[in-house]
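Enquirer: Based on the provided sequences and hints, a complete structural model is requested.
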Amino acid sequence: MFDHWLDTAQLFGYAAFFLGVASFLQKNDIRFKLYMAAECVAYVVHFTLLGNPAAGASSLVSMTRSLVSIYSKSLWIALIFVAINIGLGFKLATVWWNWIPLIASCVGTLALFLLEGIQMRMVMLLGTALWIVNNVLSGSIGGTALEVVIAITNSYTIYKMRVKAREAAPLPSSNPALPAQES
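The opening position of the sequence shown corresponds to residue 193 in my numbering, with each subsequent residue numbered one higher.
Just so you know, the hints here were simulated from the structure itself, not pulled from any lab data. Hints should not be assumed to be uniformly reliable.
Claimed, not checked - Taking lysine-lysine pairs in the PhoX-like style, the calculated list, with each CA pair at most 25 Å apart, reads:
#1 K225 / K265
#2 K219 / K265
#3 K219 / K356
#4 K225 / K356
#5 K219 / K352
#6 K352 / K225
This one's a predicted model, so the numbers in the text were calculated from it and none came from an experiment.
Expert: Here is the structure:
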């Protein structure tokens, strides 16, 4: 499965690895989406060279949706990207697991368009789990490593964002005459 560690396809997977890790280290949503778009470009080439056109096409759609989501939070645009992924599945999926990256892309689309901050990253974590399965089944060395590290990095970033949010939240009132605030 992992026979060619340094062939051209795997090199693009390694490039996606570095861009993806950089993406999920970002606490700023716009920088997060820009790095993610760059990661997707590397993934398009990577999966195309690996012979998984469904994953390559899904990555191309993901790149476009990452960029569009910077400028729009429209549910309708999100649904258009979901419909494109479903259409790609019917056109390109040749085995059941070819649907996995398309489902991951749909999950990511909904997260990027409808959520932000910690919630967006939590839903993206689900998409990451789906990409791990796809990458193992595709024989993607860099992609598998990327998604495992992204899962760890994203979890760490979520943790740090939660800590920062807790520190910024007002403390409950110790004055019995004032109602306590919920956090």
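Enquirer: Take the hints in turn and mark each one as holding or not.
Expert: Each hint, compared with the structure:
Distance check on the hinted pair: K225 and K265 sit about 13 Å apart at the alpha-carbon level, within 25 Å; holds. Of the supplied pair hints, the one linking K219 and K265 holds, its CA atoms being roughly 18 Å apart against a limit of 25 Å. About 11 Å separates the Cα atoms of K219 and K356, which keeps this hinted pair within 25 Å; it holds. Taking the CA atoms of K225 and K356, the gap is about 21 Å. The hint holds against a cut of 25 Å.
Proposed proximity of K219 and K352 is supported: the alpha carbons are some 9 Å apart, at most 25 Å. Pair hint K352 plus K225 holds up; C-alpha atoms about 19 Å apart against a cutoff of 25 Å.
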